[in-house]
Every structure is written in structure tokens, then in C-alpha cells.
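Visitor: Protein sequences, first through last, are from chains A and E.
Number 22 in numbering that gives the first Met the number 0 belongs to position 23 of the first sequence; there are no gaps in the numbering.
Number 67 in numbering that gives the first Met the number 0 belongs to position 68 of the second sequence; there are no gaps in the numbering.
Hints were generated in silico from the structure; no laboratory data involved.
Treat the hints loosely; a few may be bogus.
Simulated restraints on C-beta separations [said to hold, decoys possible]: (1) A/Phe-2 to E/Lys-17: 52 to 62 angstroms; (2) A/Gly-120 to E/Asp-47: 36 to 46 angstroms; (3) A/Gly-237 to E/Arg-11: 57 to 67 angstroms.
Derived pair list, reagent style DSSO-like, types lysine-lysine, alpha-carbon separation capped at 30 angstroms [to be verified]: (4) E/Lys-36 to E/Lys-49; (5) E/Lys-49 to A/Lys-234; (6) E/Lys-17 to A/Lys-139; (7) A/Lys-167 to E/Lys-71; (8) E/Lys-49 to A/Lys-167; (9) E/Lys-71 to A/Lys-234; (10) E/Lys-42 to E/Lys-17.
Where a beta carbon is used, it is the ideal one built from N, C-alpha and C, also for glycine.
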Amino acid sequence: MAFLTAHEMERYDRQIRIAEIGKRGQEKLKNARVFIAGAGGLGSPISIYLAAAGVGAIRIVDRERVEASNLNRQILHWNDDIGRAKADSARATLARLNPATRTEAICDTITPENVAQLVAGCDLIVDAMDNLPTRFLLNKTAIEKNIPFFHGAVHGFEGRAMTVIPGKTACLRCMYRGPIPQETFPVIGVATAVIGSIQATEVIKWIAGIGALLENRVMVYDGLAMRFTEFRIQKNPGCDHCADAAEKG
Amino acid sequence: MGVQVHIHRTHRVSTDGKEVVQAEGSCVGECLEHLVKQYPGMKEVLFDQKGNLRNIIEIYLNHESAYPDELKKTVNDGDEIHLTFMLAGG
Numbered sequence: 000m001a002f003l004t005a006h007e008m009e010r011y012d013r014q015i016r017i018a019e020i021g022k023r024g025q026e027k028l029k030n031a032r033v034f035i036a037g038a039g040g041l042g043s044p045i046s047i048y049l050a051a052a053g054v055g056a057i058r059i060v061d062r063e064r065v066e067a068s069n070l071n072r073q074i075l076h077w078n079d080d081i082g083r084a085k086a087d088s089a090r091a092t093l094a095r096l097n098p099a100t101r102t103e104a105i106c107d108t109i110t111p112e113n114v115a116q117l118v119a120g121c122d123l124i125v126d127a128m129d130n131l132p133t134r135f136l137l138n139k140t141a142i143e144k145n146i147p148f149f150h151g152a153v154h155g156f157e158g159r160a161m162t163v164i165p166g167k168t169a170c171l172r173c174m175y176r177g178p179i180p181q182e183t184f185p186v187i188g189v190a191t192a193v194i195g196s197i198q199a200t201e202v203i204k205w206i207a208g209i210g211a212l213l214e215n216r217v218m219v220y221d222g223l224a225m226r227f228t229e230f231r232i233q234k235n236p237g238c239d240h241c242a243d244a245a246e247k248g
Numbered sequence: 000m001g002v003q004v005h006i007h008r009t010h011r012v013s014t015d016g017k018e019v020v021q022a023e024g025s026c027v028g029e030c031l032e033h034l035v036k037q038y039p040g041m042k043e044v045l046f047d048q049k050g051n052l053r054n055i056i057e058i059y060l061n062h063e064s065a066y067p068d069e070l071k072k073t074v075n076d077g078d079e080i081h082l083t084f085m086l087a088g089g
């Protein structure tokens, strides 16, 4: 366990003052290793807020290069990053924000063949993908590795988030009925900001061991109606991902 | 009294912009049949060519997932059905 330096005590003073976090919670954040799948619309606020909060290590993976059409929401990348690998751009942005966070940015496609290696050594997986097949792959990997999975997704002004604790809660696959056609989705940056911030909040709470997580419930956000709606979901005993998962002791 | 069916924003083009539609039935499937009778455009939204519920559609009954066998779930007067879909964007 790495302890806080005088500089870190100053840098994180405002959140150390939160009773539920305190010095102990800040130390937990410093010692955490987070895997973020995607450096796009969701990956931007997630990685920025986790680095700002003092998470010790972030591994972020994205295979794409920055395009002009990304810039309405992907705030890790700026205009002069167009054409650059998102992984490189993310590394540079996070390093400027918080040099103490060890950022490992990997330019690669997440596949069934490499996913175990990509997430190796991380305490949790954050879903910041833009497609369902990779989300399900990450969900399955999290369950196999017995580490939490923090799901988020957006569409237009809408988004949703839920947290999966293997062996304890329903998982993303528990309501799976079959493949869904892929499409280019509409989205506005403020929607990814809301959902990514919820995911980052869940991650911070889990690392610090505080609060009530989005377990067995999905939080749906409608930005146009400015309304949050919560739906309860149940663990599916026949789920092909989590039916046999045992809770980590 | 019937059941209130909440229509997702992207599907309201098929319900004349209505966010909530009243429907009658003893189970979710019957309520959706009644919904389609009132707004035929909802048939293609909810069901594929074989009449199966589309994979992307999610149904919540009284704020709880109706999965699996969603269409067979019993409903009572005053119940609420939310129709939404699985989001994929990031």
C-alpha cells in the first residue's frame, strides 16, 4: 500500500474532506488499477475524472484515430489531435492533467484472443465502448476474472449505467435475447458527460468501499425530459455469462 | 382502467408523439397487441417479420425487467409498462 505524500494531501484536499473518502479512501484510489475500454465519448469523462480523483493507474485501450466527428463529445481529444491515435492523445491529455497517475494507453482492438492480457493486473473494468459485442466480451471477462464491470451506454440525449459485481448481481448479459444490428448512433457530448460521470462515480465508490452501487438496477437518463428513471433487473439463473459465478469472498 | 404503456422517445413517431398510451389486456403481450391496434406503426418497432420481439427491445413492468418471457407476464389495472431499447453508443 502506497501512502499519500504531502503534495497529494494538498492536491486531493477537497475530496479528502469528504468524510466517506478521507485519507484512507484517497490511499485506496492511489493504489487502484483501472481498465477503461475505449477513449471516446464515455472514456473521456471517465478517464479524466478518475485521473483527477487520483486513481493510481489507468490502462486505456482504443484502436481508432481521432476524427473531426469525434470532437463534439470526446473531450480527451482536441482539434489539433485529428489524425492522431486516440491512445496517444489520451495519454498526453491525462499526463497533463495528473502526472502522478500512471497512464498506459494501448492502441489495439479488444478481441476474445487478447482481452485477458489487456485487463491483466487491473482491479476492475469500465465499459466505454461503442458496440454491444465488445461490451459483452468485457462483461464475460470481468465475470471470469471476478472483478467488477461498470457499464455505460448512450444514444442521443439519453444514456444508462449499471454496475456488475460478479457472483452477486445481474450482469449485462442477463437480459440478452440475441444479436443486435450495429449502427452509427446519434449522440451529444453532454449525454456522455452525464453517463461517464456516473460510471466514474461508481468506480470511485467501489474502490473506496462507500455508498450504494447500481447493483441489480439500471439507471436510465433522459436529458431531454431531464429525468432519471431506475429499473430493477434480476440475476438470470440461466445466464450464459454469470450463472456459475461465485461472489468474491 | 387498463395499463399505461410508456413509449420510448425514438418510437413516438409511431404513436403520434404520445409518450404514454393506455392499453388493455391480461398480459404484456395482449397489451402490446392493443397498442399495435391503436398505433399499427409500433408493430414493426417491436416485432420482427416472424412476429418475435426484436432483440433490441427491452420491456419493464412496474419498473422491473419483464425478461424472460416478457409477453407472457400478467398485468393488472394500473400497471405500467416501459418499452425501451438496449443502447450501444459510447
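Visitor: Hint by hint, note whether the structure agrees.
Guide: Each hint tested on the structure:
1. For the pair A/Phe-2 and E/Lys-17, the beta carbons lie near 59 angstroms from each other, so the given range of 52 to 62 angstroms is met.
2. Between A/Gly-120 and E/Asp-47, the C-beta spacing of about 43 angstroms keeps the proposed range 36 to 46 angstroms intact.
3. A hinted range of 57 to 67 angstroms for the beta carbons of A/Gly-237 and E/Arg-11 is inconsistent with their spacing of about 34 angstroms.
4. Taking the CA atoms of E/Lys-36 and E/Lys-49, the gap is near 18 angstroms; set against the 30 angstroms cutoff, the hint holds.
5. As the CA atoms of E/Lys-49 and A/Lys-234 are separated by approximately 28 angstroms, the hinted pair is consistent with the 30 angstroms bound.
6. In summary, the hint linking E/Lys-17 to A/Lys-139 is not supported, as the alpha carbons are separated by about 38 angstroms, beyond the 30 angstroms threshold.
7. For the suggested pair A/Lys-167 and E/Lys-71, the alpha carbons sit about 27 angstroms apart, so the restraint of at most 30 angstroms is met.
8. A distance of roughly 36 angstroms separates the Cα atoms of E/Lys-49 and A/Lys-167; the hinted pair therefore is violated under the 30 angstroms criterion.
9. With a C-alpha separation of about 19 angstroms, the suggested pair E/Lys-71 and A/Lys-234 falls inside the 30 angstroms cut-off, and the hint holds.
10. Distance check on the hinted pair: E/Lys-42 and E/Lys-17 sit about 16 angstroms apart at the alpha-carbon level, within 30 angstroms; holds.
Consistency with the previously given hints fails for numbers 3, 6, 8, ordered from lowest to highest.
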